[in-house]
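**Student:** Here is how the chains run, residue by residue.
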Amino acid sequence: MKSHDLIIVGAGLSGMRAALEGAKAGLDVAVVSKVHPLRSHSCAAQGGINAAINPDDKWEVHAYDTVKGSDFIGDEDAIDLMCREAPGIIHEMDRMGTPFSRNDDGVIAQRPFGGASFDRTCYAADRTGQVLLHTLWERLVHSGIHVYEECHVFRLVLASDGHVAGLVVYDIKTGEVFGLRGKGILLATGGYGRVFLSSTNATTNTGDGMAYAMRAGAPLADMEFVQFHPTGLRTSGILITEGARGEGGYLINAEGERFMGRYAPKKWELASRDVVSRAEQTEILEGRGKDGAIFLDLRHLGRDKIIEKLPQIRHLALDLEGVDPIDAPIPVRPTVHYSMGGIRTDKFGAAPVPGLFAAGEAACVSVHGANRLGGNSLLDTIVFGKITGEHACQYVRGAQLHDFPANAVAEEVERIRELKSRPNRGLRPSMLHHQMAEAMNTYCGVYREPVGMTTLVEKFPGWRLDYERIHLDDKSEVFNVDLLRAVELRNLLDLGESIVKGALAREESRGAHFRIDFPSRDDVQWRKHTLAIWDEASQSVRLDQEAVRTVGNPEYAPKERTY
Amino acid sequence: MTSQTYTFRIQRNMPGQVGTVQSHWQEYQVEAEPNTTILTLLETIKGGQDGTLTFRQSCRSAICGSCAINIGGRTRLACKTHVGAVAKNGVVEISPQKNQPVLKDLAIDIRPFFSRVHGIKPYLQDGPERAGKVTSTAYDQVNHVTQCIMCGCCYSECTMAEVNPKFIGPAALAKAFRFVSDPREGLKTERLKDLASPNGIWSCTRCTFCVDVCPKEVAPMEAIVKLRTRGLNKGFNDSAGAKHALAFHVDINQSGQLNEFTLMMRTLGIVGSLMETGMAIHLAKKGKIPSPFPHSVTGVEELRRMYESLERNPVDVETKAKEAVPE
Chain L
1 MKSHDLIIVG
11 AGLSGMRAAL
21 EGAKAGLDVA
31 VVSKVHPLRS
41 HSCAAQGGIN
51 AAINPDDKWE
61 VHAYDTVKGS
71 DFIGDEDAID
81 LMCREAPGII
91 HEMDRMGTPF
101 SRNDDGVIAQ
111 RPFGGASFDR
121 TCYAADRTGQ
131 VLLHTLWERL
141 VHSGIHVYEE
151 CHVFRLVLAS
161 DGHVAGLVVY
171 DIKTGEVFGL
181 RGKGILLATG
191 GYGRVFLSST
201 NATTNTGDGM
211 AYAMRAGAPL
221 ADMEFVQFHP
231 TGLRTSGILI
241 TEGARGEGGY
251 LINAEGERFM
261 GRYAPKKWEL
271 ASRDVVSRAE
281 QTEILEGRGK
291 DGAIFLDLRH
301 LGRDKIIEKL
311 PQIRHLALDL
321 EGVDPIDAPI
331 PVRPTVHYSM
341 GGIRTDKFGA
351 APVPGLFAAG
361 EAACVSVHGA
371 NRLGGNSLLD
381 TIVFGKITGE
391 HACQYVRGAQ
401 LHDFPANAVA
411 EEVERIRELK
421 SRPNRGLRPS
431 MLHHQMAEAM
441 NTYCGVYREP
451 VGMTTLVEKF
461 PGWRLDYERI
471 HLDDKSEVFN
481 VDLLRAVELR
491 NLLDLGESIV
501 KGALAREESR
511 GAHFRIDFPS
521 RDDVQWRKHT
531 LAIWDEASQS
541 VRLDQEAVRT
551 VGNPEYAPKE
561 RTY
Chain Z
1 MTSQTYTFRI
11 QRNMPGQVGT
21 VQSHWQEYQV
31 EAEPNTTILT
41 LLETIKGGQD
51 GTLTFRQSCR
61 SAICGSCAIN
71 IGGRTRLACK
81 THVGAVAKNG
91 VVEISPQKNQ
101 PVLKDLAIDI
111 RPFFSRVHGI
121 KPYLQDGPER
131 AGKVTSTAYD
141 QVNHVTQCIM
151 CGCCYSECTM
161 AEVNPKFIGP
171 AALAKAFRFV
181 SDPREGLKTE
191 RLKDLASPNG
201 IWSCTRCTFC
211 VDVCPKEVAP
221 MEAIVKLRTR
231 GLNKGFNDSA
241 GAKHALAFHV
251 DINQSGQLNE
261 FTLMMRTLGI
271 VGSLMETGMA
281 IHLAKKGKIP
291 SPFPHSVTGV
301 EELRRMYESL
311 ERNPVDVETK
321 AKEAVPE
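Protein chains in written order, with the working numbering: chain L, 1 to 563; chain Z, 1 to 327.
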């Protein structure tokens with residue numbers, strides 16, 4: 001069986017940035033990714049990456065904006081760390097080759113973003129994620145690090161003493177199942193947008209790493225905090241960047257009214273995402289939307305600015321909604337976008353399972369708390385890719401390979417064989433997925449109420465039984481996407497259950513989590529992280545709590561959050 | 001908008017013996033509005049009719065590059081192609097990308113494509129030509145090329161790749177141009193030298209297919225042409241392609257028209273030309289051998305003045321990101 005010092009799962013921004021630390025440390029690092037690195041969903045980030053690089057700005061202000069944005073439930077040590085590291089990260093990416101947009105004087109340009117008190121978002125037109133991803137891939141190629149491309153992890157394997165031992169990997173290209181031993185495992189597998197029916201996310205965003213970590217005994221934190229992006233396209237849910245509002249775009253309802261002033265009189269469209277999404281949803285629910293959407297109006301920006309600053313989103317609006325934003329407003333609605341929750345780690349990315357690390361959207365460090373600010377996710381991926389990579393490298397230097405249970409590979413081979421051997425009747429994976437994802441959208445959306453959520457929680461045992469009845473049409477070895485979807489579906493069920501259970505338990509409204517029956521924030525009872533833990537005996541998710549990590553900065557004390 | 005029934009005629013490819021696939025065509029019926037994307041409908045078929053149908057996809061928004069397939073005779077991203085725009089009499093024909101080995105159904109083996117990209121050293125390098133300061137316009141050359149998402153549409157349609165699988169191809173060359181044009185790149189000249197070697201920039205036939213099919217307006221061929229110009233300026237002119245281009249340059253400057261009689265000798269050299277003797281005899285029989293002493297065209301002096309003027313004040317032929325015209 002092959003072994004490596006450190007195995008990184010996922011080749012998006014976090015995974016690749018972490019891998020570079022391994023190369024720098026001269027360790028044997030490998031990356032496993034179910035898609036080619038350039039297909040990773042980091043490429044879809046559009047608007048930009050926050051950093052206090054302007055001499056008139058300060059990282060402390062960025063940190064305060066982030067604490068406030070998190071609705072005072074982000075871990076303050078991690079937020080301070082991220083914002084302090086941010087300018088260095090931008091300059092490092094610039095040196096590596098990212099073509100950031102520039103001001104006339106050649107300095108990296110910055111645009112205003114939601115919830116920020118300074119124009120702090122660095123960007124490359126409206127395809128910032130893509131250029132960052134390509135830059136890190138370029139460095140990865142340069143480093144010569146081995147990437148197991150189009151290889152899907154089917155299980156995180158622990159040794160008998162509870163330390164990580166390695167992974168069971170499925171090579172999509174051949175159907176081969178093999179074990180990989182590692183002294184450390186770093187999960188950078190991104191988010192789980194497919195838990196919901198309508199999402200800005202790629203179809204590959206199934207939160208695999210989170211689900212494997214939870215099943216291996218690493219708790220997930222704050223899963224109830226699901227960010228709804230205010231501007232997903234009405235039909236497909238595809239993202240239209242916050243940069244569109246940063247460049248001056250308006251949100252209008254079907255009556256043509258620019259409504260945000262009624263909800264956020266100071267910041268209007270550039271309030272934080274939770275605030276804007278709720279405002280939109282209210283407009284829609286009160287009958288001032290059209291076909292379930294309100295509108296993003298860019299017409300007043302003019303043709304030239306749209307073409308120069310927002311070329312990609314113009315294409316998306318044209319290709320997917322048939323609307324040219326130069327001439328007409330774009331129909332948009334709040335759409336599932338980002339997971340504030342994830343694998344619970346300390347500020348260096350270490351999870352409570354020895355040898356296990358997590359970074360990026362898969363992790364809950366937690367820098368985003370109850371609501372992530374636009375432009376902070378790209379920053380999170382690269383800063384914590386680097387920091388977690390560094391710390392994982394330090395860890396594996398002093399660690400040994402642990403015993404890889406002899407039957408782990410065989411069990412996964414058997415799981416595949418059993419799935420394929422089922423007769424072609426009953427449910428297809430897509431049908432069960434649709435049922436769950438639709439119910440998640442209905443009962444665990446922007447506004448949440450207990451009756452719907454209770455119904456939803458009660459559905460999971462049935463869906464787990466249904467999962468045992470799904471069948472695969474495709475019984476073949478090579479590129480069996482049918483099989484992958486089936487394996488991913490179990491991960492989605494695990495995550496869906498942790499989201500709704502967390503949401504039902506949290507009897508307050510904070511950040512992206514809004515309870516109709518508890519419309520206010522309750523710092524006494526609920527300024528806490530929710531932990532979701534896999535209970536092997538009952539084959540279901542149970543909850544626990546953990547305190548927020550504070551740094552004693554009086555500025556960070558919870559106060560009323562207005563924009 | 002009204003929905004209608006479309007027939008998807010899809011090439012199914014099943015892996016057979018090592019390195020081979022067994023192909024057949026299979027038809028599916030789907031109900032859709034004309035502005036539905038092909039990817040949505042492939043998902044509909046896979047989810048509801050036939051889970052064995054295999055294709056790659058991920059972001060659904062034309063930025064990850066996964067879903068490039070041959071739709072209606074042309075390689076496109078399935079996620080941004082509307083069924084109504086490509087159906088002929090209600091039928092859409094779909095097959096995998098061309099010029100690449102097929103793994104299964106519509107999924108190709110992407111490794112050969114990426115190995116070519118790896119071949120151009122796709123990363124910034126330190127070196128003496130690295131500029132210190134980046135200006136606001138420094139990336140005007142770089143930006144449109146960095147829009148490339150490595151989807152492979154261009155390679156699939158490349159007429160040179162079809163006959164010469166060693167050609168490194170439009171996407172890899174566009175990537176190379178991105179580094180040659182980047183003020184931060186330290187080894188621009190070395191890159192130009194490497195790119196002028198066989199199967200590089202001079203192998204392109206300039207058929208423009210790569211420009212036509214690119215879903216991100218990268219215009220790879222324009223990048224290749226600019227690489228040629230820069231390579232020649234650095235004196236990398238001993239390939240057949242470079243010599244051919246220079247022979248055109250000299251002839252037009254001198255007489256205003258090509259001396260086709262000596263063109264082959266100047267492009268391929270004496271030995272290379274002798275290899276083409278059979279073709280020469282064939283041409284002679286048909287009376288197609290041109291005169292070795294072409295006369296100058298009228299007004300050649302004016303042409304020379306234009307040349308001189310251009311050499312003193314070179315026109316900026318460099319491309320900026322073009323305004324997109326929607327399909």
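Each hint should be verified, as a subset may be incorrect.
As the list claims (entries may be wrong) - Reference excerpt, derived from the structure (chain Z facing chain L, CB under 7 Å, subset only): (1) T54; (2) P122; (3) L246.
Note that these hints are calculated values from the structure, not bench results.
Just so you know, even glycine gets a beta-carbon here, dropped at the ideal spot from N, CA and C.
**Student:** Hint by hint, work out which the structure violates, then give me just those numbers in ascending order.
**Tutor:** The structure conflicts with hint 3 only, although it agrees with all the remaining ones.
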